[in-house]
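Visitor: What follows is each chain in one-letter form.
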Amino acid sequence: MIKVRIKYFAILREQRGLDEEIVSTRAINPIQLYLEIATKHKFTLAPDRIRAAVNDEFVTQDYALVDGDSIVFLPPMAGG
Amino acid sequence: MIKVRIKYFAILREQRGLDEEIVSTRAINPIQLYLEIATKHKFTLAPDRIRAAVNDEFVTQDYALVDGDSIVFLPPMAGG
Amino acid sequence: MFKILNTPLQVSDLKQTLHNHQAGACITFEGWVRDINEGKKVLRLEYEAYAQLAEKEGAKILAEARERYSIINTLACHRVGLLDLGELAVWVGVVAEHRGSAFDACRYIIDETKARVPIWKREHYSDGARAWINCANRGDHKNVTR
Amino acid sequence: MFKILNTPLQVSDLKQTLHNHQAGACITFEGWVRDINEGKKVLRLEYEAYAQLAEKEGAKILAEARERYSIINTLACHRVGLLDLGELAVWVGVVAEHRGSAFDACRYIIDETKARVPIWKREHYSDGARAWINCANRGDHKNVTR
Chain W
3 MIKVRIKYFA ILREQRGLDE EIVSTRAINP IQLYLEIATK HKFTLAPDRI
53 RAAVNDEFVT QDYALVDGDS IVFLPPMAGG
Chain S
3 MIKVRIKYFA ILREQRGLDE EIVSTRAINP IQLYLEIATK HKFTLAPDRI
53 RAAVNDEFVT QDYALVDGDS IVFLPPMAGG
Chain L
46 MFKILNTPLQ VSDLKQTLHN HQAGACITFE GWVRDINEGK KVLRLEYEAY
96 AQLAEKEGAK ILAEARERYS IINTLACHRV GLLDLGELAV WVGVVAEHRG
146 SAFDACRYII DETKARVPIW KREHYSDGAR AWINCANRGD HKNVTR
Chain R
46 MFKILNTPLQ VSDLKQTLHN HQAGACITFE GWVRDINEGK KVLRLEYEAY
96 AQLAEKEGAK ILAEARERYS IINTLACHRV GLLDLGELAV WVGVVAEHRG
146 SAFDACRYII DETKARVPIW KREHYSDGAR AWINCANRGD HKNVTR
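Residue numbers (my numbering), protein chains in the order written: chain W, 3 to 82; chain S, 3 to 82; chain L, 46 to 191; chain R, 46 to 191.
Errors might be hidden in some of the hints.
What the hints assert, rightly or not - A few chain R residues facing chain L, derived, Cβ under 7 Å: (1) C71; (2) F74; (3) W77; (4) V87; (5) L128; (6) D129; (7) E132; (8) Y170.
It should be emphasised that the hints constitute simulated quantities derived from the structure, not laboratory data. C-beta: ideal position from N, C-alpha, C; glycine also.
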């Protein structure tokens, strides 16, 4: 088990009902973690539509999570 | 012979030394008229680099001049 | 520099910072809040950004534009928060010696910004509904809330 | 509308006239007086226009842009007279629902304006010489006067 901080934005923040939380997880990468929390909180966005950032950098979905990481799941961008 | 008004702009105004004049000419079209005045006033621009406008409309160089026309010889455009 | 701001963008101040005596062309892009999107009447827009990463990725896009195109300077800002119709959401300015590269760079920057910078948009409609744009899941409109 | 003006162009007033709640994108082009042209140091620029025909031909270009591209509105102004370094010589603004057609239309308008609108430019150099641009005859620089 590792502990990571998850920050939520936009539709995920709304569906989760909070801005951030610290979770204990057995997920070894962002995609596993997303599947875990998406099921729990009934997120509507399919995992293939989500990108991940760790410690304010984009990462691939197979990035190896470490204890203390701060992770953000990014819904499809819609700036402009 | 017809009488036409010639208005000068930019390098032609400078080389002619005036803004406009009325001339009597036997030229039947703009290109003939330009050759006539270019020789007389030592204009440096070759006739193939000049366009013509008559009565505030672009015309082709074989436009048939009529008495009272107001003609402008246009040096190469350089706006912007 | 790519800035995320939560206050109205001051276009003349932004453009002022780009002034340069070598520059012959300045192209600006402004993204305004429109009243209709895909047939639905929009009352206002809400933008939200992951600011740290947005400014970092935005700066990367500006650096790419400087490498790809012959430009002198560029600056971009994106506003976040609630915006009314007609308000300025995003501004991109590019100055260059000649216009061709300024047009190309400006277009590159706004295209890449929309694709890569973590900013999200929620439309507020006249019927009271709100929806996060690009977040419908397989077209089922589950993202619309009332 | 395409205007020839002999006073400084007021960009915010110009852009204001293009505001529209259907518009999602506004592209502007500004042509500024540069300090160097083809290696020569420029002190100031002098623009002269055949105003009646310039405004008529300019309006035609704007109408062509509206026909070719899906845009909502467009406006262009060109200043004449003596301009200092950094001053704004020409302004083109285009608003559209979407940015692609606004970029294309803006580029079309400035390209066509430079090619077709009867406006002439004389550069004043630091050595006291002046030259009408594009008027050298067969490269002999006879148009340079001191």
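Visitor: The structure should be examined with respect to each hint, and the outcome stated for every one.
Guide: Verification of the supplied hints:
1. The interface hint given for R:C71 is met, as the beta carbon of that residue sits about 4 Å from the closest beta carbon of chain L, less than 7 Å.
2. A hinted interface residue such as R:F74 counts as satisfied when its beta carbon comes closer than 7 Å to some beta carbon of chain L; here the least separation is about 6 Å, so the hint holds.
3. Because the beta carbon of R:W77 sits about 6 Å from the nearest beta carbon in chain L, less than 7 Å, this interface hint is met.
4. A least Cβ separation of about 9 Å between R:V87 and chain L goes past the 7 Å threshold, and the interface hint is therefore violated.
5. At about 12 Å, the closest approach between the beta carbon of R:L128 and any beta carbon in chain L exceeds 7 Å, and the interface hint on this residue is violated.
6. Interface restraint check: R:D129 against chain L, minimum CB-CB distance 10 Å, threshold 7 Å, status violated.
7. Here the hint on R:E132 is broken, as its CB sits about 10 Å from the closest CB of chain L, past 7 Å.
8. Hint on R:Y170 is violated. Least Cβ distance to chain L is approximately 15 Å, over the 7 Å limit.
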